[in-house]
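*Asks:* Just so we're aligned: the sequence shown equals residues 85 to 279 in the working numbering.
Hints were generated in silico from the structure; no laboratory data involved. These numbers come from a predicted model, not from an experiment. We put the beta carbon where it would ideally sit given N, CA and C, even for glycine. Treat the hints with caution; some may be incorrect.
[To be verified] Distance windows between CB atoms, simulated:
hint, residue 1, residue 2, range
1, K247, A142, 16 to 24 Å
2, G126, T147, 31 to 39 Å
3, A229, I264, 36 to 44 Å
[What the hints assert, rightly or not] Subject to a maximum C-alpha distance of 27 Å in a straight line, what follows is the list of computed BS3-like cross-link-like pairs (lysine-lysine):
hint, residue 1, residue 2
4, K187, K139
5, K274, K187
6, K169, K279
7, K139, K169
8, K274, K163
9, K246, K167
10, K167, K274
11, K139, K163
12, K247, K167
13, K187, K247
14, K167, K139
15, K167, K279
16, K169, K187
17, K246, K187
18, K139, K279
19, K169, K274
20, K274, K139
21, K139, K247
22, K167, K187
23, K279, K163
24, K247, K163
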Amino acid sequence: MRRDIVVMFAILTIALVAACGGGDGNKPIVLQPDPIPDEYQGMSMEELRSNSSSKGYADIIGTTSGEVYRGGNDPEISKNILKHKGTLLHYRGVIEQVFPSSKEGIFTFWFCSSTESETFSYKTSNDCVDPLFLLYNLDRGPELARSDEVEIAVILVNSRIKKGSTASGDRNISGGLATIFIAPSVSVIKAELVK
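The whole structure should be built from the sequences, with the hints applied where relevant.
*Replies:* Here is the structure:
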C-alpha cells in the first residue's frame, strides 16, 4: 500500500512538472521592435517624417480602398494591414497603456494616434479612435508613460487585436458595440516627447 502511494506521488510530480514546464525551455516570449532598417539608421525625426508614407490610418486598415468595414474582428482588416508591412509611417498621439516586458528596456504600448491638427485628448480606450500597438526599446527614445504626448516614426510589422470600444461607437456585425477590433502593430524607429 505504501509503495502504491509513493508511485502515485512520483507520477503526479512528473505530470505536474511536465504541465508547468519545469525548465528553461519555456522562456517568456518578449515582444520587441524589429531592427532598424539600414536606410533609416541615424535619421532625425524630421528626416523620418519627410520620408514616411502619406497613407493615413484609414488607408492602412482598408476603409478607404472600397472594402466595407464593420469593425470588430474582421480578418479583412488584418489582410489590409499586412499589405503595408514594412511601410515607414509617422504619427503624433498619446500613450494610452504601458506594458513593461520581462526584458529590461523593452516595452509595448497602446498608442492613440491623431493628426497634427487634432488636440491630444485621447486618454482611455473609450476615447481612442485610431490605436496603434507599439513595440518599443529604450534605445529608440525616452522612457514613456501613460498620457505622454509623443511623436513617433515606425515601421508597420503586423496587426494586433485590441479589446474595448471605440469613441465613434462603431458597431460590429451582430449590432453590439465592438468589443474587439484589429489595429496595426508597429516597430518604433524613433520616439520623441512633444513639448
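*Asks:* Can you name, in rising order, the numbers of the hints this structure does not satisfy?
*Replies:* Checked against the structure, the hints that fail are numbers 3, 4, 6, 15, 22, 23, while the rest are satisfied.
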